[in-house]
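J.: Here's the letter readout for the chains.
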Amino acid sequence: MPDLLDWTDVSDADWNACLARARQHRQAHRSPSAYTDAARGKSLGLVFYNSSLRTRTSMELAAVQLGAHPTVIDVGHGVWGFEWERGVVMDGGKAEHVTEAVGVLARYYDALGVRVFATLTDRLADEQDAHLKTFAAISSVPVINLESAKFHPCQALADAATLTDRFGGNVKGKRLLLTWAPHPKPLPQAVPNSALLMATRLGMDVRLAHPKGAPLGADIVAQAEAYAQQHGASFEIVHDVDAAYDDVDVVYAKAWATPLVYTDYDADETFRQTHANWTVTTDKMARTNDAAFMHCLPVRRGVVVEDAVLDGPCAIHLDQAEYRLHAQKAILEWVWGLRV
Amino acid sequence: MPDLLDWTDVSDADWNACLARARQHRQAHRSPSAYTDAARGKSLGLVFYNSSLRTRTSMELAAVQLGAHPTVIDVGHGVWGFEWERGVVMDGGKAEHVTEAVGVLARYYDALGVRVFATLTDRLADEQDAHLKTFAAISSVPVINLESAKFHPCQALADAATLTDRFGGNVKGKRLLLTWAPHPKPLPQAVPNSALLMATRLGMDVRLAHPKGAPLGADIVAQAEAYAQQHGASFEIVHDVDAAYDDVDVVYAKAWATPLVYTDYDADETFRQTHANWTVTTDKMARTNDAAFMHCLPVRRGVVVEDAVLDGPCAIHLDQAEYRLHAQKAILEWVWGLRV
Amino acid sequence: MPDLLDWTDVSDADWNACLARARQHRQAHRSPSAYTDAARGKSLGLVFYNSSLRTRTSMELAAVQLGAHPTVIDVGHGVWGFEWERGVVMDGGKAEHVTEAVGVLARYYDALGVRVFATLTDRLADEQDAHLKTFAAISSVPVINLESAKFHPCQALADAATLTDRFGGNVKGKRLLLTWAPHPKPLPQAVPNSALLMATRLGMDVRLAHPKGAPLGADIVAQAEAYAQQHGASFEIVHDVDAAYDDVDVVYAKAWATPLVYTDYDADETFRQTHANWTVTTDKMARTNDAAFMHCLPVRRGVVVEDAVLDGPCAIHLDQAEYRLHAQKAILEWVWGLRV
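Chains as they are written, first to last, in this note's numbering: chain A, 371 to 710; chain B, 371 to 710; chain C, 371 to 710.
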């Protein structure tokens with residue numbers, strides 16, 4: 371049975387099948403057919419190293435609606451913290467090694483989800499998605515990435531389905547702007563990475579906009595270019611905060627830290643403060659083709675985006691969030707081989 | 371489908387139906403008929419801003435015993451804290467606005483419970499039950515108040531059923547004393563408010579006793595007077611800590627803060643310390659008509675009430691607590707339109 | 371219906387029946403017959419005063435796989451802390467007395483589990499297992515010990531089943547070494563107590579090894595001697611850290627504090643540091659009869675045991691951990707009278 375660490379590991383056939391299945395689940399939402407016993411007897415362990423509202427609740431309900439049993443495990447809240455390094459003499463504050471923790475959970479559960487964000491201090495570990503890969507290497511049951519240093523595949527599938535519904539089933543030829551946004555804190559790049567790869571893989575015409583000095587990883591950009599080429603679609607990177615909005619059909623906003631964060635935390639903070647003019651505003655949205663506004667949530671109102679945009683008719687952030695439930699049902703069916 | 375923010379919003383017919391149904395659920399407790407599939411496929415999100423033992427467990431079991439799936443969400447424990455104010459630039463410690471948090475949860479769950487206590491610092495917000503009302507205004511699914519600044523309707527229904535059982539189905543003509551009690555901390559008035567309205571709505575003869583300077587809200591008292599008049603029952607407010615107990619059939623004790631708490635925290639504390647003689651004692655209970663002793667729990671032994679009262683044969687606080695389970699099954703059936 | 375505070379309270383017939391049933395559950399693991407509705411409608415409240423990974427997840431799944439509903443209650447995480455002493459004036463930080471907390475939970479749930487570790491500060495309370503016994507005395511439903519000051523019966527049954535499987539159903543004549551190990555923190559003796567009583571009750575030849583000055587309780591040792599005598603098996607206590615390993619078939623390692631911890635915390639720490647040579651190593655394991663290595667987890671790698679032992683072919687700590695699930699299903703069936 372497969373892991374879902376990132377969609378880049380997954381064939382087009384399976385990606386498209388999961389996308390189609392997610393859309394079926396949305397059609398069934400709150401109808402009797404939303405609840406099946408397809409996964410009766412199975413259990414899902416959800417390990418969180420970081421906070422969550424949507425992921426924990428939507429993944430829990432996804433499991434329940436398939437007849438499976440979910441457990442949310444908050445590391446550090448009533449559960450011992452884990453040591454991740456191999457070969458360490460564990461005489462400090464960490465009571466348990468991830469080898470035993472995951473080894474045991476894999477004996478109990480039929481799949482494990484894990485959320486472990488980028489460290490923003492260990493660049494190599496973040497670039498290699500080291501914590502996620504360590505976790506997956508230990509587990510003898512499928513592992514689902516609930517947001518790692520580099521990827522957020524559950525969000526990506528939900529976003530893909532939201533966009534596909536938005537444009538009546540066909541997003542080809544539609545233009546998506548993925549724009550950097552200000553934020554009081556340095557944030558990882560998992561969501562923009564996954565959004566970029568998702569949109570280019572869907573064959574949308576994609577514009578990535580960010581201030582110079584806030585690039586996404588070179589490997590991510592290269593993969594996005596490859597997806598765009600594969601679909602005969604366009605992909606460009608721009609730095610003009612206003613012109614970026616011209617004629618797009620979708621604005622996807624997200625804050626992320628610059629690479630400065632690894633070497634000079636204060637310089638990254640200054641960079642973010644200096645580019646406060648990247649907030650998504652009604653003025654900027656007026657340049658678009660009546661674009662949908664997307665955000666993965668949680669969102670800082672008045673910082674990432676003006677209230678008027680979020681509260682306006684084009685905002686589809688709640689649709690994205692709702693689709694997490696449907697997408698994750700499709701993902702669970704896929705990792706457990708329950709595809710109907 | 372209705373919210374349950376407070377019973378004052380609910381018709382007599384529905385209040386009485388819920389009361390009757392709660393009593394049926396108690397009859398079925400631990401029998402096979404306690405467990406139904408009436409709410410199969412439904413889910414209940416329980417959002418706690420404040421601690422809870424009874425409410426979280428009894429509401430969870432109430433949902434489960436109807437076949438629904440409950441999730442307990444502890445804000446601040448693995449879940450981001452919420453910003454409640456509109457129009458704020460969210461550049462501080464709050465990562466998510468209640469608009470998005472509740473908006474998303476309402477997409478997932480079929481009802482939401484919320485516990486959000488009085489601030490005891492913002493008098494206007496507390497008097498208007500502002501947090502509860504904000505939460506309910508955002509939610510597109512029914513909201514159940516798990517104790518707000520002003521009301522605790524789950525406790526009220528459980529108490530009403532406990533009293534009705536206690537007196538063989540008819541509480542008319544029975545006298546209930548609701549008495550203020552000392553406490554080391556300032557506590558909100560939600561429970562005494564709800565207890566007072568519950569008892570007067572049942573048509574009991576009600577005596578509210580508190581030291582001068584520790585009144586309940588004028589709107590609450592006015593509503594209690596109206597209920598008493600509607601039932602041809604008596605309602606009085608007294609300040610004699612001993613005479614208050616004369617000839618009553620029920621003593622309901624509860625600590626609450628004085629209005630001083632909003633303007634002079636220390637003065638409220640001094641007030642509470644000064645009135646330490648309001649502890650419920652066996653001596654005071656001896657003045658009653660062998661009265662039942664009630665408390666919503668948690669209770670400070672030796673401060674609110676002497677051990678001998680709590681451990682004696684007249685104490686029915688555990689019956690009240692048990693009834694939370696039965697009452698909340700009735701409430702869930704009501705908000706979901708499952709009345710049998 | 372019985373409590374499970376410790377197996378010493380339980381007849382040989384019931385102990386053996388639970389052991390046999392645990393082994394049946396392991397055979398059924400991940401097959402359709404692993405999931406029954408034998409406990410449909412029942413609920414299990416799991417109260418944790420201390421951290422847990424295995425116990426909370428395996429007990430939750432044990433309940434679910436029998437059709438029952440589990441709730442994990444972390445005292446101090448969204449739940450008020452409890453006062454344990456009788457006759458106290460509760461004017462401090464504790465909002466609720468254990469009398470009410472357990473009294474209420476017993477009204478809701480059909481059994482309660484409780485984890486409450488040794489204090490390591492109150493010797494008398496620890497020796498009497500006072501917190502566990504207080505909890506059990508209050509509860510009107512069966513109480514299952516999830517690790518108390520003195521015993522860890524869930525671990526003991528899992529270990530007994532793991533050993534029985536390891537030796538093809540018959541452990542008689544097999545030699546088990548239970549060895550003290552170093553640790554950066556003082557740990558309670560519940561696990562070594564239960565492991566010692568388990569192995570001697572199985573009729574294994576048991577060697578208990580620890581530095582002079584780190585004894586287990588005299589009552590525990592006396593009970594172990596009685597079990598050994600009952601089975602015509604050997605039991606010895608040794609202090610030679612190397613010779614202890616000679617010719618044994620099983621090495622069970624565990625760190626525990628010395629009695630010094632109650633009177634001189636620093637002296638206990640010094641004792642543990644002085645005996646760092648008690649780490650389980652490949653050199654020591656080479657003296658054994660190709661022994662299985664056991665540990666209850668969590669384990670400090672490089673302190674309690676070398677990585678090479680834990681990662682080697684003889685380590686069966688994950689089997690022990692998995693057996694927690696199966697053993698606890700047998701325990702729940704037993705306390706609920708569901709023995710098939």
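No lab work stands behind these hints, which were simulated from the structure alone.
Check the hints yourself; a few may be wrong.
Below, in silico cross-link-like pairs of lysine-lysine (DSBU-like), each with a Cα-Cα straight-line distance of 35 Å or less [claimed, not checked]:
| # | chain 1 | residue 1 | chain 2 | residue 2 |
| --- | --- | --- | --- | --- |
| 1 | A | 464 | B | 464 |
| 2 | B | 555 | A | 582 |
| 3 | A | 503 | A | 582 |
| 4 | A | 503 | C | 464 |
| 5 | B | 464 | B | 555 |
| 6 | C | 464 | B | 582 |
| 7 | A | 542 | C | 464 |
| 8 | A | 555 | B | 464 |
| 9 | C | 582 | C | 464 |
| 10 | B | 503 | B | 464 |
| 11 | C | 555 | A | 582 |
| 12 | B | 503 | A | 555 |
| 13 | B | 542 | B | 582 |
| 14 | B | 555 | C | 503 |
| 15 | A | 555 | A | 503 |
| 16 | A | 555 | C | 503 |
| 17 | C | 555 | B | 503 |
| 18 | B | 582 | B | 503 |
J.: Are the hints correct? Go through all of them and say.
T.: These are the hints, each one checked on the structure:
In summary, the hint linking residue 464/A to residue 464/B is supported, as the alpha carbons are separated by about 29 Å, within the 35 Å threshold. Simply put, residue 555/B and residue 582/A have alpha-carbon atoms about 54 Å apart, too far for the 35 Å limit, and the pair is violated. Only pairs whose Cα atoms come within 35 Å are accepted, and residue 503/A paired with residue 582/A is accepted, the gap being roughly 31 Å. For the suggested pair residue 503/A and residue 464/C, the alpha carbons sit about 43 Å apart, so the restraint of at most 35 Å is broken.
Under the criterion of a C-alpha separation no larger than 35 Å, the hint pairing residue 464/B with residue 555/B is consistent with the structure, at around 27 Å. For the given pair, residue 464/C sits about 28 Å from residue 582/B by alpha-carbon distance, which is consistent with the 35 Å threshold. Proximity of residue 542/A to residue 464/C is assessed by CA-CA distance (about 62 Å); at most 35 Å being required, the pair is judged violated. Taken as a hint, the residue 555/A and residue 464/B pair is honoured in the structure, with Cα atoms around 11 Å apart against an allowance of 35 Å.
Our distance criterion of 35 Å between C-alpha atoms is broken by residue 582/C and residue 464/C, whose separation comes to about 40 Å. Proximity of residue 503/B to residue 464/B is assessed by CA-CA distance (about 20 Å); at most 35 Å being required, the pair is judged to hold. Only pairs whose Cα atoms come within 35 Å are accepted, and residue 555/C paired with residue 582/A is rejected, the gap being roughly 50 Å. Distance hint between residue 503/B and residue 555/A is fulfilled; the C-alpha atoms sit about 31 Å from each other, no more than 35 Å.
Note on residue 542/B and residue 582/B: the hinted pairing holds, with a Cα-Cα distance of about 29 Å set against a maximum of 35 Å. For the given pair, residue 555/B sits about 31 Å from residue 503/C by alpha-carbon distance, which is consistent with the 35 Å threshold. Among the hinted pairs, residue 555/A with residue 503/A is consistent with the structure: their alpha-carbon atoms are about 26 Å apart, no more than 35 Å. Only pairs whose Cα atoms come within 35 Å are accepted, and residue 555/A paired with residue 503/C is rejected, the gap being roughly 49 Å.
The straight-line distance between the Cα atoms of residue 555/C and residue 503/B is roughly 49 Å, outside the 35 Å bound, and the hint therefore fails. Proposed proximity of residue 582/B and residue 503/B is supported: the alpha carbons are some 31 Å apart, at most 35 Å.
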